Each structure stands twice: as C-alpha cells, then as structure tokens.
Amino acid sequence: MTSPEIPPPPASGADGTAAGRSGPAAGGDPTVPAGRGAAKGTALALLISIVVAGAACLITVQTCADSARTAVAWGTGAAGAVLCAAVAVAVHARLTSRSLRSQVAAAQARAAERDAADARFADTTVPGVVERLRRGGSAETALAEAPPVVSEAQRRVLTALAHEVHRGETLRAAAMSACANAAGRVQALATSMAADLREMEHRHADEDVLGDLLHLDHRNAQTGRIADSLAVLTGARSGRRWAKPIVMESVLRGAMGRISGYQRVRLHSTSEAAVAGHAAEGVMHALAELMDNAANFSPPTSEVHVYVEEVAAGIVITVEDGGLVMGDVALRRAEQAVSGEHGDLTTLSGTRLGLAVVGRLARKHGLQVSFRPSAHGGTGVLLRVPHELVTEPRHEERTEVPAPAAAVPPAPRAERSAARPTARRQDNTAAVHSRQPERAGPDVQRSPGHDRREDTARTAPAPPPQEFGESGLPKRRRGQTLAAVARASATSSRLPEPAPGAEQADQRDPTAAGEAAGGPTAARSTPRPSGARFGDFRRAVQGAGTEDTGRRSRPSDSSPARSSSLSEDDTE
Amino acid sequence: MTRPGRDEDPDRLYTVTGGRSRSAAGAEAFDLVTLVVSESAPVRGMQSEHAAILRICRFPTAVVELAADLGLPVSVVRILLGDLLAQGKITARHPRRARTADALPDPDILKQVLVGLRNI
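Residue numbers (my numbering), protein chains in the order written: chain F, 1 to 572; chain R, 1001 to 1120.
Hints are not guaranteed to be accurate.
[Stated by the list, open to error] Restraint-style ranges between C-beta atoms, simulated for each label pair: (1) Leu-348/F with Gln-1087/R: 41 to 49 angstroms; (2) Ala-1024/R with Ser-339/F: 41 to 49 angstroms; (3) Arg-1044/R with Val-209/F: 33 to 41 angstroms.
[To be verified] Taking beta-carbon pairs under 7 angstroms as the criterion, some of the chain R residues facing chain F (in silico): (4) Pro-1010; (5) Tyr-1014; (6) Thr-1015; (7) Arg-1022; (8) Arg-1044; (9) Ser-1048; (10) Pro-1073; (11) Ala-1086; (12) Gln-1087; (13) Lys-1089; (14) Ile-1120.
Simulated from the structure, these hints should not be mistaken for laboratory data.
Bear in mind that the values here come from a model prediction, so they are computed numbers and not experimental data.
Positions of the beta carbon are idealized from the N, C-alpha and C atoms, including for glycine.
The following block holds chain R by itself, in its conformation from the complex:
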C-alpha cells in the first residue's frame, strides 16, 4: 500500500473538477445509491474520469460504487456525474426504497399466511 504522507497520483482533485466544489446538477441529483447508467460510449479526448464513468456505468452502478472504483471522493464523483448528466450522456435512477418498503407485504400478513399454510 502507499506510505503515509505520500501521494501516488499527480492529479489533484481540483484539476479533475476544474476547480468546482459543487455539482452543476445540484446536490439532490445524486445521492449515494443513485443508480447511474451511461447513455453513450466514451469518446476519444474525453476526460479520463468521464470515460471511466461511462465505461463502468454500462451496467447500472451506484454512485458510491463509482466512487470506489474511481478512487475519488463521492462529492467529486457527483460533480463529474453532473457534467455528464448535463451533456445527456448518463441517466440517473433513484432507487425508490421507501415506496418499495411500503409496497412489500406486511410481516404480520406473511406470518398469518405461513401459519395458514402450515395449518392446511
């Protein structure tokens, strides 16, 4: 692993984001588990992070996972995703967790069904 106090990457994050610290798409556009899907293939001459995102997101990928893959902080990945979203190269899908949880049958009902089945 890297020694502490050493930095093995010449890319500074402000050059990756062009000096921006907040996403053009707004903070709420992407949360940690937003699924990102690329809409186009990477193009030559693209910023390498953008290309990498498009490549990884051929399959729906969560923002945290992108960050882990790229080795970048989530906030920086959000900024990059904001760029791509503005260019229409990706789409974002929010997992509707709350609604799904609501839609799932109540445990009590399931329990009753189970009991009913056993009683048959």
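The shape of chain F in the complex, shown without the other chains:
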C-alpha cells in the first residue's frame, strides 16, 4: 500500500474497504434501491482511490528528479486517473451485482411463500370449505370457519366457490328429497292398490274379471318395483316391512311377480328356509332386479332359471339366463355396480338402474352378488343371503309329508269308498245340530227345548279344537263351522265307528236319513269330520235341497222336532 510503484494495492485496499462498507448496507436493507447504494459505494471508492492516487502521485513527483518531474507528473496523473476510473467501475459493478443478487433471492423467497400459500389454499382450505358445505352448512358458515387466506384473489375464489357449491348442494338435496317423497307416495299407493286388488280378486269369481284383475295386479307390482328402486336410490326408507319371516318360495315368487317377463321365470327350489322379515323386502327387490336383467338381456323366448341352494354361509340364489355372455368390461362394470362401493349416484348411467339398486340393497343387507358364465349359455348371477338373515319359517305345516304318508299309504282309497255315504249322513246330522239354536227360537215351547239348546250352546261356543294337526297339537281349521266344531268335540269323546259299518252304509244310502234320524248319537260317532264338514258347506251353499233333508231328519231327533210332528198329527 505504501509502495509507490504499485498503484493497485491502495486501490484494491480502498476497494476492499468500500466494499466492506457498502456490502452490509446493500445486504442489510433490501428495500434500498440498488442504484443508490451502488452509487454511494462507488463515489466513496472513487474518493478514496483519488486521494490515494493523488497522494501517490505527489509523493512520486516530489521524490523524482526535477528534469523528469513534468513527465512523471503527467504519467502518474494519467495512471492515477485511469486507476481511479477502473476502481470506480469495478466497485460499481460489484455492488450492483450484489444488490441484484439479494433482490433475486428476496423475490424467490416471496414466490416460494406464495406457492406454499397457494398449496395450502388448494389442499386444505378449499376441501375444508366444500366438506363443510356438503355437511349442510351455509356458505357464510363455511367461509367463516375456513382458515384465513393470504390474498384477495384467493378470498374471491373461495367465496365464489362456496356459494356455487352451496347452491349445487341445496339443489341436489332438494331433488333427492323430492324424488324420495314421490317414490314413497307411489310405493304407498302401489301397496294399498295391491291390497285392494287382492280383495277384488277374492270377491270376483268370474274368470274374465279375475284375468283382468291379475293383469292389473301384475302391472301394479311393476310400478311398485320402480318406485322401490327410486326409493332405494334416493336413500329413502325401503317400501315394506314384513312382520313375519317369508319362506323362500314366497320370496322368489314375490320377486318374480315384479318383473314384466315373469312367465319366463322358472323356479327350482326345495328350500324351506325363510328370510327374516326385515330383510325379505330387500332380498325380494334385489332378486327382482336381477331377474329383470336376466329376462331383458336374453331372447324373449328363452327361460330364466332360478335355483336355490342352502350352504353353510346362508342361502345362495342363482339366476341364470340363456342370453349373451357378458364381456370382460361389462362384467367388471357390473361387479363394480353391485359391489355397492359408491354411496352416491355418480356412477349411475341414467337408463340402467337395476344393478345400482342391487348394489345399494346388497350393502344395506350384507348380500353378496357375483357373476359367472351360466350353464344355460348366458350369464349367471349368484346372490348370497347371509346366514343371519335366514330363519326357519314360522309355519304350522312343517311336518307335512312324512307322517301321513308313512302312516296311511293306502288309506285315501279305502276312505273314499266310505266317505261319501257317511258324508251324506253327516250332512243330515250336521243340519240338525246346527239348526238347533235358531230353530228353537220361534216355533217351540220353552221348557223341553231349553236344556237341549243349552247343551248345544255350551258345547258350541267354546269347543276344544279336537282336530289334531300333524304336530300333535289340536288345531282349528279356518273353514270349520260352528256345528262341525261341536260335533268334532262330541266325536272325539267317543270311539270311532268301525269302518265296516260305514261301508255298509254305502249300500243303504237312501236309508241314511232314517238312520240318522233314529239316533243322533250313532251318527255323531262317525269318524268322518271332513265328510261332515262338507255337509256343512253343502248346506250353506245350497239352501233348499238340504234344508229338506234336515227337516225330514229332524222329527224324532229332538224336542223342537216334536212340535212339527205334533203339528203333523194335528193336520191328520
């Protein structure tokens, strides 16, 4: 620095100090414009270098010989000026670059910060707001609960988004509830109409009327199924709940009755299991959709076969058609649809609702649906009803086949030969017995008829049901009339009449009336309840003819009869 020959060192030293001073200023305050800091630093460096160069020039001029003084002065002056300029330029460039670099770094930091804010906005804020709106919050609530946004633009985006989503959500909910409500009403109508139709079917015996009613019934059931589908898709309550377990045959027929091509469905079921009441409707509906698919996607002449198989894990119902085999893509789509993974309607195609409905029902009741190629050439669908939903039917006819078949194999024929005459005989007695109370009223003196009537009255109203079901329990049958019950109670207390007697009665058909008239006890003891029941019905159905018989057999039987025989005597 002190060496006069080398000007750069002082310049570099001055440069160093200037840089040392201006560096922190530039780095420490990034907001200071780069130009001003650089200019200040440059001026300082220039000043120092001028001072140093000037001093060096003076010293050099003083120390050199007088002869060369002028030349040296010019030379050192020029060198000093050049040096000063160079130092100034260098310092300026250095300072400028430094400040620019720091500005770039600051800008980068700001950009990164903004990126992070954007990412936060996209990843957290927006989904949070949408989620709140989906849960039913209003746009204002959702916006208030959202974390603060950094920029005005984000705020505007968020507000617009919230209002739009809220509107869409409201629209969706309104449409869904309108659909669900309408579906529920149609369901209710279809159900009550089904009940009405059933009542009408019972009322009208004419075959043409019945045919029309059955046709209407079928149409109504299809309407009901569509309403059920809508209700399932819109998440409404399912249509019906059965109070009792439904046996498999009824489940299958209930399902099959809801599709248009039900006459093409062939049921192959020997299962006696039943589906629990709360799930029966769902199973029926799912099956109906599967059967409908099978019927729609197979030739109109082919049949749809339904098989039922009881397995350890429940019941497997197979619906097989002879239609087209599903391709891989279609199969995958179908499996996805019935898997019930999608809780909403986004995968709904608009025209094909069936499998989506099956998927919903499957998820609700824990059913499992799978597809496979069918042995009939088409597609087979397997529906597994889980074990929890399978119960035993609450039915009285469980022990139907074995007991009677084993006990009396040839009985029907033998009985039939005897049945008719005794039926006729019973007819008479039945007429007598059942007529007792009403006859006794008008045309009889009180005292003799009284005890008799009381007797009948005592046995009739509270008869121990004496017909035993196969389960060994007494059982009253629906069609049983008062007289039949009374007689049955009397019959059971006596020993059955031996069969030969009944067979003899076959020959004495015309005298049967007389025999019955001769002894009510003998007639009562006949073990032919069904014949007697028939007699009741015949009497009920054909008024006059049997009434004659009843009147004819009446005279010697009981006290009311005596009045008429007396009157006959009087007429004589």
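On the provided structure of chain F, position chain R as indicated by the hints.
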C-alpha cells in the same frame, strides 16, 4: 287381523297361477262343492299350494273348503286343481245332489208310514 290397505302376503295370485285366469280343466270340472281327493302324496319341490291341496285332500274335501283353508279365491283354487287333475294327482267327485234328492222317499209317503205306524 290385518289392517285395511295392508297386504300381509308377498305372493301375488298371478304368480300362484302362473298368470292364468282360467282352469285348464274347464270351468265345469269343479264347482264349489266338488269333492276332491288326493291320489298321491306331496312331493318335495312342488308348488306349496299344490302340496297343501294334496295334504288337505287326503280326506275328501270340497272346493270351497279348500279355498277357505288356503286363503285363496275359489277361482284360483280351481286353476290349481285343474293342474293337479291334469297330472292325475287328484280325482274330483261331484256330489249327485239332484239324483239323491230324487231317490229319497217322498215326504208324503213318509208321513203316511208314520201315521200307519202310529195307528198300529
């Protein structure tokens, strides 16, 4: 009992009859009081109504009574009976009411007999 407007049975009648509204055996094959007798025991896999008819008809049973037992309309029972008749699983017997009435002695004769007996 059941509430009005409610239907406690998922079986629709057209599924029971397979969509038919008239009996294959013709309307005159069964009237209300035709006695029906089963000729064979119910078999597994049979339609439950058919099985029930065969079970009930082990003893001769009238058509109306079958209908009452099954809770089905008579016309539907007729269709089912027509199926069974075609398969030979039942036989139908018509009560010959008119002839029986004719064969019975005339009330006047009976009256005369009665008078005669009393006069003895």
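Hints and how they fare:
no.: 1; hint: Leu-348/F with Gln-1087/R: 41 to 49 angstroms; in the structure: holds, 47 angstroms
no.: 2; hint: Ala-1024/R with Ser-339/F: 41 to 49 angstroms; in the structure: holds, 45 angstroms
no.: 3; hint: Arg-1044/R with Val-209/F: 33 to 41 angstroms; in the structure: holds, 35 angstroms
no.: 4; hint: Pro-1010; in the structure: holds, 3 angstroms
no.: 5; hint: Tyr-1014; in the structure: holds, 4 angstroms
no.: 6; hint: Thr-1015; in the structure: holds, 4 angstroms
no.: 7; hint: Arg-1022; in the structure: holds, 4 angstroms
no.: 8; hint: Arg-1044; in the structure: holds, 5 angstroms
no.: 9; hint: Ser-1048; in the structure: holds, 5 angstroms
no.: 10; hint: Pro-1073; in the structure: holds, 5 angstroms
no.: 11; hint: Ala-1086; in the structure: violated, 17 angstroms
no.: 12; hint: Gln-1087; in the structure: violated, 16 angstroms
no.: 13; hint: Lys-1089; in the structure: violated, 11 angstroms
no.: 14; hint: Ile-1120; in the structure: violated, 15 angstroms
Violation of the numbered hints given earlier is confined to hints 11, 12, 13, 14; the remaining hints are satisfied by the structure.
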